[in-house]
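Since the structure of chain A is provided, determine the placement of chains B and C on it from the hints.
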Amino acid sequence: MARVIVNPLRSPAERRNLLLGVIFASPWIVGFLVFTLIPLGSSLYYSFTRYDLLGDPVWIGLRNYNLLLTNDADFRVVMYNTLWWVLISSPLGVISAFLMALLLNTNILGRSIFRSVFFFPSIVPVVVTAFVWQFLLSTQYGAINGVLQGWGFPIIPFLANPAYVKPSLVLIHMWSQGSAMVIFLATLQDVPRTLYEAAEIDGANSWQRLWSVTVPMVSPVILFNLVMSLISGFQNFTLPWLMTQGGPEKATEFYAIFLYRNAFQYLLMGKASALAWFLFVIIVLFTVLVFRVSGRYTYYAGGGR
Amino acid sequence: MATQTSTQAKSLALAKTTTHSKGRLRKLGVAGLLSELLKYVVLLVLAISFILPFYWMASSAVKNDNQIYTVPPIWLPSPALWNNFWDAWNTPSLNFNLYTYNTVVKYAIPAAFGTVLSSALVAYSFSRIRWIGRDTVFGLVLATIMIPSWVTIVPLFIIFKQLGWLNTFLPLVIPRFFGNAFFIFLLRQFFLTIPTELSDAAKIDGANEFQIMFRVILPLTKPALTVVALFSFMDAWNDYFAPLIYVNIDSQWVLALGVEKMRAAVYEMGNQQLAYPYLMAVSTLVTLPIFVAFFFAQRTFIEGISLTGIKG
Amino acid sequence: MSEVSKAGISRRSFLRGLSVLGVGSVLAACAPAGAPAASSGNAGASKESVVIQHWVFWNQPGKVKDKFEASDDLKKALGDNKWEFRTGVAWDAGLTAVAGGTPPDIGVIGNYLKYMLKGSVIPLDDYISKSQVIAKDKFIEGNWNEVTLDGKVMGIPGYECFVRRGLNYNTRLIEEAGLDASKPPVTWDELLEWHKKLTKFDTAGNLLQFGIDPYDAEGGVGPGSDGFFLTDSWGFDYFDEEKKTFNLDNELMAKGIDVMNEFVKIIGPDNLAGFRKVEGQGSWGGSYNAEKQAMIIEGYWHPGETANEKPEVSKVNKATWIPVPEERRGKKVQFGGGHMAQIFKDAKNKDAAWPLAEWMQSQSFCDIIFDNIGWLPAYKPYFDKADPKKYPGLDFYFQSIKDADYWGKFIRCPIEDFISTKFIEIRESAYRGKMTGTEAAQALQKAAEDEWKNQGLS
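Residue numbers (the working numbering), protein chains in the order written: chain A, 1 to 305; chain B, 1001 to 1312; chain C, 2001 to 2458.
Simulated from the structure, these hints should not be mistaken for laboratory data. Hints are supplied without guarantee of correctness; some may be wrong.
As the list claims (entries may be wrong) - SDA-like cross-link-like pairs, simulated, lysine to any residue; straight-line CA separation at most 20 Å: (1) C:K2422 to A:L18; (2) C:K2082 to B:A1264; (3) A:K250 to C:K2244; (4) C:K2063 to B:T1070; (5) C:K2244 to C:L2117; (6) B:K1203 to A:L18; (7) C:K2200 to B:T1070.
Next comes chain A alone, as it looks inside the complex (with noise of 0.2 Å):
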């Protein structure tokens, strides 16, 4: 839009298009306004408060964020193992999906069969996912300990113990990355294959061209899969929540988990607020250090945007 702009709302015509877009687009405003920002407004100020909604809310300044930062050994568990969670699940969930798709990138038969395969545990309802694999996980009655015992061979507690618990749950959570797959997929087959004949010529093996060719193209898309990643695995809630409630010794007690228990379990609505303005702190720290870092490494189309 290389225009000359004198008075942006001069022509009449420019009006009655911004009159056009603000009513068109006025669902996503007034729901913007009435679901998030208002709430974000409240929250911000009950995280000022003690209020457990069966009375009025006390003002306590900044004692909610002063304890939690100060003086509560659980919020600093809880802050571990979120982001041991983020750090670790988000970039496996990455890779997981990225080379599930270049296997499915190549030249095979019933491709569509396998990428609806791998595509289909990313779209079945949460609660079945969590009580299938605690049922297979269990170290009593679960699939595998039951082959692992039957062959005279010691249990693996997965879910009971604390050091192998959370190693369970990074493991379901790459096995439910089809639609990141999906994307990845998509954009591989995107890249025009003229680049890899170029490299071909030039004597670039298989490894290299993944590493010269591939990677470079489908940057974008791998930014856009980790900041997806990110931003979900900082609320991770479900998952843990059915299948573990926060344990073994609360070694899944994420970030999520802990608010919603201070909110709905223990009525502390001016901590769980506190918490989660604290959450949206971080999670917008984290996301501009992440396109930060990688705008140096990011390859844009046309000169980057």
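For chains B and C alone, kept in the frame of chain A given last:
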């Protein structure tokens, strides 16, 4: 929710499965043959590990109380208790017929309708009307993806409480009538691909913007709208969190809550050994429609997308 | 190029959106937050037919709903009104409903003390003064004390009351292990000997059977309507209601944790997790019914519930006193407690709900609950006529009322739910070897004191 975010990303995903890589002919040496073989071995192992949990679910659903705890585990139950599906679905103290009705009629259909309508309107604004500040607002729409839903959960609970909306489907359905960032983004991509000449021609014929949208643009983007409708329907079908918070009375429960309560219900009623078979039976039944929808919808998308000639 | 990156989420537009968002948030923060409007629950005295919401947290009553509905006593209590009976209401869900202003009219949904302290339930004294059925002297004293706060009655004992301390054991498994089922253990040391003999592993070291999980069922309860088991067995009070001080960091607490953890260490904490809630299957007493666990610390309901759920195990069930430390050898410990129906402040049909509190004491109601589930009320007129020999092991509990020489105290502590949660966490750290009993007791004390301050109590 986190899960919602990821399922919505799927709309982006499926919309992009249009092109097929062209087969490359090449001659295979011994090494090449081995690597081909290896590739299929890896694929098969992966595929089995993806299918196995579902097979375990379905096969455990028809086990009796002895088969469930046998070591080593039984993979092909005999006798298979097909009745488990019926009995589990009709567990006393739960009402899965009602939960299905609630999920589909009271939640998923209105939610899908609201999402499609509102997201299409907003996407239209961001793609086919040039207005001052449009791109900034659109950036804002995308930025909202970053806002954790947890920040708003406490105030929203309080707002819905004051409105008297708790224990109704309003807190679940009404917000869907105000657009969804992912679907706005998706539909905008589709709308952008339609030549402006079509709109201009309609304008010359005297059509206003609403008429252009509903008569020209939407009919051309039916596959995309189907994608949005399907995914928002499935979001609702799979949703556990919002009902957990806002719907607190079992006459208003949805399927996800019913499945969660299944085990406790069976367990405390005295059929402890049947808790897992019953749980797996309802899990299978709840997953089945998703499976069927996916099976058919995948083709619809790909055909629809290629019909409109949009290239990924 | 991908559409995603090409047209949409580029860094710049994202960051631009972000900055706008930041400004918006600050603006929103200045807007006044909505003050919670007190929803008025009118005691609907109209003659119109209403739907009475009646919720309980257990699932079991769901299976006798038909029997309830067929009884004349319920029809009489309801009159023209309808009845929505909801079972399996988790404590959290109940709390959310009460906090959300959508409580049941009459509910047995846990968190009793919290609702009393927060004023979420109404005093029932006016109803009681007019009632033919309900009066203080018709209930077990301990249960009546439990429902009373500051001289006002805030609930009516119902559904499941009576005594809650007993060691149940499976005589078949005991005899199989070569032990004498007629001489059950009295002290923790003796129990540990049995535990060792009853715990079996396969050659790969996988658990096949175990003696007792001391934290299963009643053995694991922290402060609340079921009392604090560990403090009953070791004989101390964890909280002083007058002085508002905690007594968790003491030698008895430390020893109690160490002793009970010894049992868990023999089973292996990971093995135990499989039987416990972390993997879903292990709800209360599940492994006892499956004959994987030979002994269990349970209340009077255990004989009846087992008979109704697993008759073959019930036939070999016996009950005795809970174990005590050596220095208290011979102490006969018991605790009385239970559940109550409360009428909620925000309820729509308070007056119409009251007759249901009376119905819960009726002959037909109590028979249905006792016969089909195994529960007893706190209502003396029923209780005096109930058959102690109805279920194997039940007579111990009836007799224990007369014989007990130490009754665990019912203590009201505003943060009892927090301490209960903390106790479970800290003891797990201890049996996983992260801290000693002494450190665990200190940690519990500190957590309790911090929480007390954080909640602004004094």
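Status of each hint after checking the structure:
The suggested pairing of C:K2422 with A:L18 is violated, with an alpha-carbon distance near 58 Å, which exceeds 20 Å. Taking the CA atoms of C:K2082 and B:A1264, the gap is near 27 Å; set against the 20 Å cutoff, the hint is violated. Restraint check for A:K250 and C:K2244: the C-alpha separation of about 29 Å exceeds 20 Å, so the hint is violated. A threshold of 20 Å between alpha carbons decides the hint, and for C:K2063 with B:T1070 the separation of about 29 Å lies outside it, so the pair is violated.
Distance hint between C:K2244 and C:L2117 is fulfilled; the C-alpha atoms sit about 15 Å from each other, no more than 20 Å. Distance check on the hinted pair: B:K1203 and A:L18 sit about 17 Å apart at the alpha-carbon level, within 20 Å; holds. At most 20 Å may separate the alpha-carbon atoms for a hinted pair to count; C:K2200 and B:T1070 meet this at roughly 18 Å.
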